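Visitor: Got chain H; can you put chain P on it based on the hints?
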Amino acid sequence: MFSLPAYLEMVRMKFLMMLAYRVNYYSGILVYAINIGAYYFLWQAIYGDNQTMQGFTVAQMTTYIAVGWMARAFYFNNLDREIANEIRDGSVAIQMIRPYSYLMSKMMQGFGEGLFRILLFSTPGMVLVSLLLPVDLPTDWRVWPVFLLMLAFSFLINSQINILVGLFAFFVENNAGMMSMKRILVDLCSGLIVPLTFFPTWASSVLEWLPFQAITYLPASVFVGRVTGSAVWEVLLLQFVWFVVLLIPIWLVWQRARRRLFVQGG
Amino acid sequence: MHYLSLFFDYIKIYMKTKLTYRSDLWIEIVSDLLFQGLNLLFILVVFMHTDLLGDWTRDEMIFIYGYFMVPYGLFTAFFNMWNFTERYIIKGEMDRVLTRPVHNLFQLVLENIDPSSLFGALSGVVIMVYAGTQLGLDWAWYDPLVLVLLVLSSMMVYFGVYVSLIAIGFFTDSQTGILPLVWNLQNYGRYPVDIYNRVIRFSLTWVLPFAFVGVHPASYFLKKGEWQLYAFLTPLMGVAFFLLALWIWNVGVNRYRGAGS
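Residue numbers (the numbering used here), protein chains in the order written: chain H, 1 to 266; chain P, 1 to 261.
Careful: at least some of the hints might be erroneous.
As the list claims (entries may be wrong) - Here are the simulated DMTMM-like pairs of lysine to aspartate or glutamate, each with C-alpha atoms no more than 20 Å apart in a straight line:
| hint | chain 1 | residue 1 | chain 2 | residue 2 |
| --- | --- | --- | --- | --- |
| 1 | P | Lys91 | H | Asp89 |
| 2 | P | Lys224 | P | Asp143 |
| 3 | H | Lys182 | P | Asp24 |
| 4 | P | Lys91 | H | Glu86 |
These are computed hints drawn from the structure, not numbers from a lab.
All figures in this text were calculated on a predicted structure; none of them were measured in a lab.
Next comes chain H alone, as it looks inside the complex (with noise of 0.2 Å):
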């Protein structure tokens, strides 16, 4: 933590750099709203004439697919990929010797592309849906701040899965089959395509024990008011233990890629 200054810049950095690169952002707004859009009627057809299903009504429907996209496109980044790439180029070895930490930065910068996101594309797309959409917003003033909460953890957790399968590039050498995997894997398990409670008894139980619905699943069930009152502490409880227990596997395979790093070419 003696580099804060540096951390703060790379964040800037990165922050300017997204900005310099707008059109791959208005492109992403819109097809974020598709998207959306497209799960909305999809989860129509799915309903038809029932009210609810699953303890979920159709507009609680609506607002989880809004509120679970619009979370996608804050803590999404590719941080596996950077990382992979940087491992096999080897310029994972000139930026070992800088006087900070590797994962460290790697987080910083993709927390300078989610500010970017949350500002310039999550926020304006969720106005966007909520005109378009029947999205209920919540009306009691403190959920806003326990889900910009959540949200923060919904982009640790998920920078460090994505740094966890990225690090495996120094053991696999070409990961990216891996990645994909993950990619799918998350927008699964995390809820996003369906909620948890969808699935079959046998796997919700699974998954419950998995991190990957700390991602969405959490946070949106508190945004659509499924989950209320103390129950909300329980699940940022929750969020906090798998960011805790999450630094483990990623201490631990730091330490054993460090010792194997070897450069292909160069």
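Guide: The following block gives chain P in isolation, referenced to the frame of chain H:
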């Protein structure tokens, strides 16, 4: 003939590279299949809570999905240029491609073949056979031929969309991010388009015609009344988008000036 022998040479190169990183090849195939499996899981999970999606049953949805996998698997086996702008335009590799004696697009396709995707197409066929048996579809003698025709047409639709999109690289070298986004959109073609509203339905049929890589051609075999008309449109759309893409591509290549360094 010359093109064909080149093709086999590149397959040989592909095999050699893949055999160098053997475990990665298997991970790639498994993750590919897992991806398809998870999509199937979505359909299965959803139908645990409902009998009909619109007026489509579970097995019909599975059949559409199986069909969707076939042209997609075949197409990605021969088209794997998702990082075209970065690799060929920004890094200037296109210079090298243009000096080769075969047509530049053909050369690009050859350099990027990825036959491991064929496993996806194969499992698509298995899924179609499974769902078809469940549905008790009767196959006329000419239906396998129709299937080949429709799959080819769907591949041409993919070709049309993605070649046009990567040709954007010739006009602007900044990353547009449009490719992964459109790739996300194509997944909506595997659900019946009548569940969407009119704007989306229209776009999926005429603008980014991903309905023609899944639901429309598949409904020919499902004998779904009104939708069959669209099934017959598939070859027309395929050819139209194919030609459009070739035209855009050739215009783009003429604008290519090479990278700075």
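Visitor: Now, for every hint given, state plainly whether the structure supports it.
Guide: Okay, the hints, checked on the actual structure:
Among the hinted pairs, Lys91 (chain P) with Asp89 (chain H) is consistent with the structure: their alpha-carbon atoms are about 15 Å apart, no more than 20 Å. Restraint check: the Cα-Cα separation between Lys224 (chain P) and Asp143 (chain P) comes to about 15 Å, which is no more than 20 Å; the hinted pair holds. Of the supplied pair hints, the one linking Lys182 (chain H) and Asp24 (chain P) holds, its CA atoms being roughly 15 Å apart against a limit of 20 Å. Restraint check for Lys91 (chain P) and Glu86 (chain H): satisfied, since their Cα atoms lie roughly 17 Å apart, inside the 20 Å limit.
Consistency note: the structure conflicts with none of the earlier hints.
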